[in-house]
Amino acid sequence: MILLWLECDAAGVTDISLETIAFARSLSAAGGGIAIRAALVGDVPEAAHDQLAAHGVAEVHHVSGPAYDAYSGAAWASALQDIRARTKCVVVAAAGSPRGMEVMAHLAARLDVPMAANVVAFSGLSPFEVTRQVAGGAALEEMRLGQRPAVFTVAGHSWVAATADAPTSPTWHEESPEVAEADLVARVSARGETKEEGPGALTTARVVVGAGRGAGGPDGFDGVIELAGLLDGALGVSRVVTSLGWRPHNEQVGQTGSRISPELYIPCGISGAIQHWAGCSSSKTILAINTDDEAPMVTKAHYAVIGDMHEVVPAVVEELKRRGR
Amino acid sequence: MVNVLVCVKRVPDSSSQVVLTPDEQAVDGRMAGYTVSPHEECAVELAVQLATATGGAATVLTLGPAESSEQLRNALALGCTAAVHVVADSVTFGPADVAREIAAVAKAHEDDGRGYDLVLLGNDAADTGDFQVGIRLAYALGLPVVNGVSRLEVADGMVSAHVDGPDGAETYSVPVPMVATILEGGVEPRYPSLKGRMAAKKIEIEERAPSGAPVGSSRVQLRLPPPAPSQVEILGQGPEAAGAIVDLFEKLGVR
Ligand SMILES: Cc1cc2nc3c(=O)[nH]c(=O)nc-3n(C[C@H](O)[C@H](O)[C@H](O)COP(=O)(O)OP(=O)(O)OC[C@H]3O[C@@H](n4cnc5c(N)ncnc54)[C@H](O)[C@@H]3O)c2cc1C
Ligand SMILES: Nc1ncnc2c1ncn2[C@@H]1O[C@H](COP(=O)(O)O)[C@@H](O)[C@H]1O
Chain A
1 MILLWLECDA AGVTDISLET IAFARSLSAA GGGIAIRAAL VGDVPEAAHD
51 QLAAHGVAEV HHVSGPAYDA YSGAAWASAL QDIRARTKCV VVAAAGSPRG
101 MEVMAHLAAR LDVPMAANVV AFSGLSPFEV TRQVAGGAAL EEMRLGQRPA
151 VFTVAGHSWV AATADAPTSP TWHEESPEVA EADLVARVSA RGETKEEGPG
201 ALTTARVVVG AGRGAGGPDG FDGVIELAGL LDGALGVSRV VTSLGWRPHN
251 EQVGQTGSRI SPELYIPCGI SGAIQHWAGC SSSKTILAIN TDDEAPMVTK
301 AHYAVIGDMH EVVPAVVEEL KRRGR
Chain B
326 MVNVLVCVKR VPDSSSQVVL TPDEQAVDGR MAGYTVSPHE ECAVELAVQL
376 ATATGGAATV LTLGPAESSE QLRNALALGC TAAVHVVADS VTFGPADVAR
426 EIAAVAKAHE DDGRGYDLVL LGNDAADTGD FQVGIRLAYA LGLPVVNGVS
476 RLEVADGMVS AHVDGPDGAE TYSVPVPMVA TILEGGVEPR YPSLKGRMAA
526 KKIEIEERAP SGAPVGSSRV QLRLPPPAPS QVEILGQGPE AAGAIVDLFE
576 KLGVR
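Residue numbers (the working numbering), protein chains in the order written: chain A, 1 to 325; chain B, 326 to 580.
Derived from the structure by calculation, the hints contain no laboratory data. From the three backbone atoms N, C-alpha and C, an ideal C-beta is built for every residue, glycine too. Hints should not be assumed to be uniformly reliable.
As the list claims (entries may be wrong) - Per the computed footprint, the stretches of chain B lying under chain A, defined by three or more beta-carbons under 8 angstroms from a beta-carbon of chain A, are:
id	stretch
1	353-365
2	456-464
3	485-496
4	524-532
Unchecked claim - Each pair of labels, with its calculated beta carbon distance range:
id	chain 1	residue 1	chain 2	residue 2	range
5	A	Lys-284	B	Gly-358	32 to 38 angstroms
6	B	Met-356	A	Arg-86	48 to 54 angstroms
7	B	Gly-380	A	Pro-66	38 to 44 angstroms
8	B	Glu-532	A	Asp-165	57 to 63 angstroms
9	B	Ser-341	A	Ser-176	49 to 55 angstroms
10	A	Gly-124	B	Ser-555	31 to 37 angstroms
11	A	Arg-322	B	Gly-493	37 to 43 angstroms
12	A	Leu-244	B	Ala-429	36 to 42 angstroms
13	A	Ser-26	B	Gly-380	52 to 58 angstroms
Claimed, not checked - Straight-line Cα separation of at most 25 angstroms, BS3-like style, residue types lysine-lysine; simulated pairs:
id	chain 1	residue 1	chain 2	residue 2
14	A	Lys-300	B	Lys-576
15	B	Lys-576	A	Lys-321
16	A	Lys-284	A	Lys-300
17	A	Lys-284	B	Lys-576
The following block holds chain A by itself, in its conformation from the complex (with noise of 0.2 angstroms):
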């Protein structure tokens, strides 16, 4: 059997989530219809139930009660540890979410086993192999994972969260495993306000205007702001812009800042390096604005304009408010 701890926001459970479902049905397929059981540790929306039964859940685990009301990565993978000793489940995976690999990296060590981060494919089932990325996307890694259980990571964006072709009506099992009270010294212990800026709004716009050390300082984002802006979208930024202090850190896109998946991604004077492509390449669409037409980026994209960004963003605006915008 798998296990998958998933996870929910507001809306029910997260896009990665569904997406890691859908890798954990193929690998049920592939072992004959082995049935998946999922976890989940705290609040549960409403519409979390029905989206369990349209993507082929068969068990619920939800876990809550006071231990569990504030986050813990020990203690969330001690509930996930008594789950698996129970259902004796081979395979427990979570999204590649920074919990997801938290969770996944104390329940690996908890049980002395492996754990792949970022698995995007399975090649065989005895031996367990996997494909995970490695070095922010840029090469892929071989693993065989030979313990029991298997522990892994999906990668976001690397499965479609569509839905089961035969859904479920999942059994739900109420729980409050005991929680060991050293499991409970690493928790959340205060909270800010909910993020409405920065990342979040990042990872969720639909367009995103991304700027590079081509915006040439740290009064050369105005354009591309007015543009975002235009466009209800977001700015995005290179790592180069935010060490040279030109934009704040949660503004970079990146292995080492936000992935973003928007419909369009507009790259203005961004060379397209590897780290950065890690965490902008699941973009519908890719317009890049660069001086240089043999830059990454540019070759990359979908649709490029090779020119000076301080001239073709200024021009775009105009001719977004000429036609009425």
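We have chain A already, so just place chain B with the ligands on it with the hints.
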């Protein structure tokens, strides 16, 4: 006085191009040079800030081949006060092995009366991206761990660790000693000064052999994804392309 151990890994600088070693077990950095992850640069900065502010020590540690002393010297030039080099081929050491070796050093130093209040690591290494050494280390040392920390303060034996969580800012209050894995973005790493570089040369690096044989990683081999052929459509040159760009916006329905 806060004593910090900060762990960095020598990795190929993959900013331009990624090439594999002939045995396909690692990314080859011989052409491009070597660096450490941006997360670890921030971890070093935090370690130096905490040690300087409290009159404590900031010890930098790496497990890697002889050449990794370069990364230790760089951290010393930034203000770390001591360095430990576990000399080993990091490619043959899996995440659990590295965690065990870091734990062995921390325990040995504690036995010498130089225990650490904080052990800082990067959230994930830039090459292998395993996302787990810090957490495994915490279990090996029997300490609490907070992951993905952008800033932290220490006062009266308590660490306040700030994390940019999925729903907004989160704070963890955890007693020392503890482990934290650091994410880029909370602090700005300083640049080395000439004085720092000179001072770094005088510090002797503590060299150690690994405490045991590695179990290894579960790696079979690496490969490069096939290069995607360019399908770019050039809409035009310079500001004259503005009309074509806005046409595209309309076609995509984003305006
Ligand atoms: C471990 C690691 C992690 C990293 N993580 C990230 C990350 O998360 N995000 C990230 O972005 N980078 C990251 N990097 C850095 C990355 O390798 C590149 O150095 C960085 O992305 C380059 O930024 P850039 O494209 O703005 O600058 P450059 O590479 O210098 O490119 C500038 C581009 O602008 C063009 N240009 C110049 N002037 C103009 C103009 N007036 N108009 C139009 N175009 C112009 C140039 O032709 C060029 O293509 C990481 C690196 C490492 C080693
Ligand atoms: N060989 C090593 N030497 C020192 N620290 C390491 C080594 N490998 C990993 N680390 C630390 O562990 C963090 C997480 O690495 P990983 O779990 O491999 O992604 C890194 O950012 C480093 O701080």
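Q. Looking back at the hints listed earlier, which ones does the structure fail to meet?
A. 4
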